[in-house]
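2 protein chains.
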Amino acid sequence: MNAEQFRRAGYQAIDRICDYHDSLRGRPVSCQVEPGYLRKALPSSAPTEGEDFQLIADDYQKYIIPGLTHWQHPSFFAYFPTSSTFEGILAELYASSTSNPGFNWSASPACTELEAVVMDWTAQLLGLDKSFYNSSEVGGGVIQTSASDSALVATVAARSRYIREHPHVAMEKLVLYTTTQTHSLGKKAGLVLGLTVRALEVTAQDDFALRGDTLKVALEEDVNAGFHPFILIGTVGTTSSGAVDRLDEIADVAKNYPLLWLHVDAAWAGVAFVCPEYREAYQLPAINSYIDSFCTNFHKWGLVHFDGSCLWVRHRRHLINALDVTPEFLQSKHGDAGTAIDYRNWHLGLGRRFRSLKFWFALRARGVNGFQKYITDCISLNTMFAQRIYESDLFSVVTKPSLAMTVFKITPKSLPHLETSELNALNRAFYARLAARSDIAITQTELNGVFCVRMVIGAEKTVEGDIEQALALMREEAMVLVGNWARMRG
Amino acid sequence: MNAEQFRRAGYQAIDRICDYHDSLRGRPVSCQVEPGYLRKALPSSAPTEGEDFQLIADDYQKYIIPGLTHWQHPSFFAYFPTSSTFEGILAELYASSTSNPGFNWSASPACTELEAVVMDWTAQLLGLDKSFYNSSEVGGGVIQTSASDSALVATVAARSRYIREHPHVAMEKLVLYTTTQTHSLGKKAGLVLGLTVRALEVTAQDDFALRGDTLKVALEEDVNAGFHPFILIGTVGTTSSGAVDRLDEIADVAKNYPLLWLHVDAAWAGVAFVCPEYREAYQLPAINSYIDSFCTNFHKWGLVHFDGSCLWVRHRRHLINALDVTPEFLQSKHGDAGTAIDYRNWHLGLGRRFRSLKFWFALRARGVNGFQKYITDCISLNTMFAQRIYESDLFSVVTKPSLAMTVFKITPKSLPHLETSELNALNRAFYARLAARSDIAITQTELNGVFCVRMVIGAEKTVEGDIEQALALMREEAMVLVGNWARMRG
Numbered sequence: 001m002n003a004e005q006f007r008r009a010g011y012q013a014i015d016r017i018c019d020y021h022d023s024l025r026g027r028p029v030s031c032q033v034e035p036g037y038l039r040k041a042l043p044s045s046a047p048t049e050g051e052d053f054q055l056i057a058d059d060y061q062k063y064i065i066p067g068l069t070h071w072q073h074p075s076f077f078a079y080f081p082t083s084s085t086f087e088g089i090l091a092e093l094y095a096s097s098t099s100n101p102g103f104n105w106s107a108s109p110a111c112t113e114l115e116a117v118v119m120d121w122t123a124q125l126l127g128l129d130k131s132f133y134n135s136s137e138v139g140g141g142v143i144q145t146s147a148s149d150s151a152l153v154a155t156v157a158a159r160s161r162y163i164r165e166h167p168h169v170a171m172e173k174l175v176l177y178t179t180t181q182t183h184s185l186g187k188k189a190g191l192v193l194g195l196t197v198r199a200l201e202v203t204a205q206d207d208f209a210l211r212g213d214t215l216k217v218a219l220e221e222d223v224n225a226g227f228h229p230f231i232l233i234g235t236v237g238t239t240s241s242g243a244v245d246r247l248d249e250i251a252d253v254a255k256n257y258p259l260l261w262l263h264v265d266a267a268w269a270g271v272a273f274v275c276p277e278y279r280e281a282y283q284l285p286a287i288n289s290y291i292d293s294f295c296t297n298f299h300k301w302g303l304v305h306f307d308g309s310c311l312w313v314r315h316r317r318h319l320i321n322a323l324d325v326t327p328e329f330l331q332s333k334h335g336d337a338g339t340a341i342d343y344r345n346w347h348l349g350l351g352r353r354f355r356s357l358k359f360w361f362a363l364r365a366r367g368v369n370g371f372q373k374y375i376t377d378c379i380s381l382n383t384m385f386a387q388r389i390y391e392s393d394l395f396s397v398v399t400k401p402s403l404a405m406t407v408f409k410i411t412p413k414s415l416p417h418l419e420t421s422e423l424n425a426l427n428r429a430f431y432a433r434l435a436a437r438s439d440i441a442i443t444q445t446e447l448n449g450v451f452c453v454r455m456v457i458g459a460e461k462t463v464e465g466d467i468e469q470a471l472a473l474m475r476e477e478a479m480v481l482v483g484n485w486a487r488m489r490g
Numbered sequence: 001m002n003a004e005q006f007r008r009a010g011y012q013a014i015d016r017i018c019d020y021h022d023s024l025r026g027r028p029v030s031c032q033v034e035p036g037y038l039r040k041a042l043p044s045s046a047p048t049e050g051e052d053f054q055l056i057a058d059d060y061q062k063y064i065i066p067g068l069t070h071w072q073h074p075s076f077f078a079y080f081p082t083s084s085t086f087e088g089i090l091a092e093l094y095a096s097s098t099s100n101p102g103f104n105w106s107a108s109p110a111c112t113e114l115e116a117v118v119m120d121w122t123a124q125l126l127g128l129d130k131s132f133y134n135s136s137e138v139g140g141g142v143i144q145t146s147a148s149d150s151a152l153v154a155t156v157a158a159r160s161r162y163i164r165e166h167p168h169v170a171m172e173k174l175v176l177y178t179t180t181q182t183h184s185l186g187k188k189a190g191l192v193l194g195l196t197v198r199a200l201e202v203t204a205q206d207d208f209a210l211r212g213d214t215l216k217v218a219l220e221e222d223v224n225a226g227f228h229p230f231i232l233i234g235t236v237g238t239t240s241s242g243a244v245d246r247l248d249e250i251a252d253v254a255k256n257y258p259l260l261w262l263h264v265d266a267a268w269a270g271v272a273f274v275c276p277e278y279r280e281a282y283q284l285p286a287i288n289s290y291i292d293s294f295c296t297n298f299h300k301w302g303l304v305h306f307d308g309s310c311l312w313v314r315h316r317r318h319l320i321n322a323l324d325v326t327p328e329f330l331q332s333k334h335g336d337a338g339t340a341i342d343y344r345n346w347h348l349g350l351g352r353r354f355r356s357l358k359f360w361f362a363l364r365a366r367g368v369n370g371f372q373k374y375i376t377d378c379i380s381l382n383t384m385f386a387q388r389i390y391e392s393d394l395f396s397v398v399t400k401p402s403l404a405m406t407v408f409k410i411t412p413k414s415l416p417h418l419e420t421s422e423l424n425a426l427n428r429a430f431y432a433r434l435a436a437r438s439d440i441a442i443t444q445t446e447l448n449g450v451f452c453v454r455m456v457i458g459a460e461k462t463v464e465g466d467i468e469q470a471l472a473l474m475r476e477e478a479m480v481l482v483g484n485w486a487r488m489r490g
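Taken in order, these protein sequences are the chains called A and B.
Position one of the first sequence corresponds to residue 1 (the UniProt record's numbering), numbered consecutively onward.
Position one of the second sequence corresponds to residue 1 (the UniProt record's numbering), numbered consecutively onward.
Worth double-checking, as some hints may not be accurate.
One copy or two, it doesn't matter: identical chains are merged, so the pair holds either way.
[Unchecked claim] Calculated pairs, DSBU-like style, for lysine-lysine (alpha carbon to alpha carbon, straight line, at most 35 Å):
id, residue 1, residue 2
1, Lys130, Lys40
2, Lys62, Lys130
3, Lys130, Lys187
4, Lys373, Lys40
5, Lys173, Lys62
6, Lys173, Lys216
7, Lys62, Lys400
8, Lys461, Lys400
9, Lys255, Lys173
10, Lys62, Lys461
11, Lys255, Lys373
12, Lys187, Lys173
I should point out that these hints are in silico values taken from the structure, not numbers from a laboratory.
Turn these sequences into a full structure, and let the hints guide you.
Below, the structure written as structure tokens:
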């Protein structure tokens, strides 16, 4: 493909992306394909001779688009949102045109430098303490692939710091703390590193937040039993219900355990710190005062394409001490000192994409006001949704709504005396009916034995009418179920 | 930004990428910026109000492009190549327009399905055994971020398999084998996992390849001393010199250690298997018969954008056993069985970009013949370069050229009696002169105490004239040095 062929194919791609964008509302959210559909449709090997690009571009429309779940669809309320903005598409386009592995400053200075700058812009946007800025030359921020990677990197740094102080502690005696509500990233960090994970209990009464006393008891138990808790992964905005661990209480307990690393996973909720009004309730003061590392994923709710997981650390030296390997062929005159960061020592791998460009484009194109408007629009829509659930005779919230998430269940007033197991069965059936539909995408969860449905708002195209439509179809499915249930029991 | 503004900005981006491509040969390869240049040029925070995109696009040209190292420049001979093709840019463009985190089949079926298909196409392209194909439903292939991640995943799977069989072995007794020539990914896997790494010795006489006998002695020593070697990371095409570990001999020794996982890192050289004539010399028969996992990075020498590190395993269950965490909110009707792969259990994180699209585009647009032509063109250019080094009175090769890499040093016939330390000093000075130039990018290495310069050919734009130019400027710098040296010693 020469430059002129690329120009034609590129214009066409831009046009087709515009068409996709314009047609999104009219498409089903989830797709109708069966496992194996694509293998059946495609040849079993690559062609011998190269094919004309027009054929390939057309096959993308024919085979790929129909097999996608449309995460930017206005009726996508599942999991957490995944950003895809026009500014971000342009950033990925420019970045891919000068591909390089960016593992140190010299490999492509602009990539390292822009990452250092935009991580400071972003820290400021969220109201993070200046000790987390790259310009502090002590702490700093780095873009990771996902919150799992961020938590894994923090855990490796924490373990390394702990073992430096206690070189004779057996790995089997190290303990990583999470709660029962922590994202699977906690358990996975334990699996990857071969370390014991202890999930601390949280209760519905505490809105599934970890309390200081629970941590205190666990630490005493474990230390007395000869174990060495070395990190706690706390959460601001859990995946299941948007719960916020009581970092203020946790920090107070942790004061007596100076080698217990405090990592905060705020993958989804952290971006809401762009709005100052949510900072106190979502524990930013404690994060700024006490936390060793903090993660939020701008690729979720922050108008930046996947992958854009931001990790800030209070002391960069703990990352570098844990991860630095500098062989001869990577030595260069500009090392990992001062402003010339060698980001390869801040993450697990070596090479890295030029991911800061999409942050720069988004932050400039939207401005602080644009980010605030987007976040508050999503929260307003959720407030409206939650209000309708509160007023409903069919549904009730399971735990208090959190930012743009409402966790609810079907609890028909017409069926007042159901046992938990019956309610769970009813809710599983309700969720199954929603999951079978292609005009809404929504996910389930379980909170201490209670099966529930979780609604998260985040697509930029979602407006009030989409929430009304979601409520109407939920009501429709619930009514069918309640009718069936009454007949079965009648 | 609305769709029409995006269309204009998109067309402009395509045009500017064409211009960049056309102007590449005329640019310096490496850039002239100093550490901190970008922080000085940019504001210290994001703007309050969003900015016009034209301003942002112009600032990309003004501030970013001049700070890039141009890895696709025809005179880029440093590190290893990093692909950036027109087809790949288009794939990244389309993929970013429907961003989703693809962590399981349901999250976007086409993403999982296409990855499973193209990893089979790619396995076939390289001549890998069918037991590595996804269609085997026993083994399989997955796209990872980098060879470091691939090696880390293999190490985690190997450790998990070993610990299942030997549950009472302390982590401190586990040993990961590499050689002294293994890429830093081996040492980093050890750091990340907190495990002991033993780098086995290799010699210049063996062209820096690991021999079976060396492994045999190490295994006996370690097992007798109560250690548990559980994985060997072998290399096909080392970073420093393109060395190829003797996997045939290694497999023969490893037969007596059935829990010793054999991982092969062929990050750069593995792609050369697209040409059948290199398969035997680069140990494909042993890989196909004995190896547990195999990695090659198509984003290096395989016409696919970063990140596209391919990892194949003989038994997918070892990955899943080691990494599966399936919380309630990720349970779906299509689980990790048969063809509906849940790729989240095959890598470290959870979310993943839609990276298979760029493989599909590249494989179709170039065809098997296109890949073969690209690889053989690079190798021919290197053969020509190496021939000129052999014939030179200024330079000599340090170890036999490997595919598209030549490692050489300055050994002037006019200075016949230099000690190793003097030769090293001369070569460091020679390399420093090359590194100070902006019309060539090349890297250094050290092979068992000998400082040398490594030349790797891989940019698609490189032609014979570029090699001639590189040789001319190397000669020019060498002559200056030899003159200085003679005067100093004179």
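Structure-based check of each hint:
1. Lys130 x Lys40: Between copies, since 18 Å is at most 35 Å while 55 Å is not.
2. Lys62 x Lys130: Answer is between: at 29 Å across copies they meet the 35 Å cutoff, but 50 Å inside does not.
3. Lys130 x Lys187: both (31 Å within a copy, 33 Å between copies)
4. Lys373 x Lys40: between (45 Å within a copy, 30 Å between copies)
5. Lys173 x Lys62: neither (54 Å within a copy, 54 Å between copies)
6. Lys173 x Lys216: both (18 Å within a copy, 33 Å between copies)
7. Lys62 x Lys400: neither (43 Å within a copy, 49 Å between copies)
8. Lys461 x Lys400: within (25 Å within a copy, 59 Å between copies)
9. Lys255 x Lys173: both (21 Å within a copy, 34 Å between copies)
10. Lys62 x Lys461: Classified as both; 24 Å inside a copy, 33 Å across copies.
11. Lys255 x Lys373: Neither way: Lys255 and Lys373 sit 38 Å apart in one copy and 63 Å across, limit 35 Å.
12. Lys187 x Lys173: Both: 16 Å inside a chain and 24 Å across chains, each within 35 Å.
In terms of the numbered hints stated before, the structure departs from hints 5, 7, 11, listed from lowest to highest.
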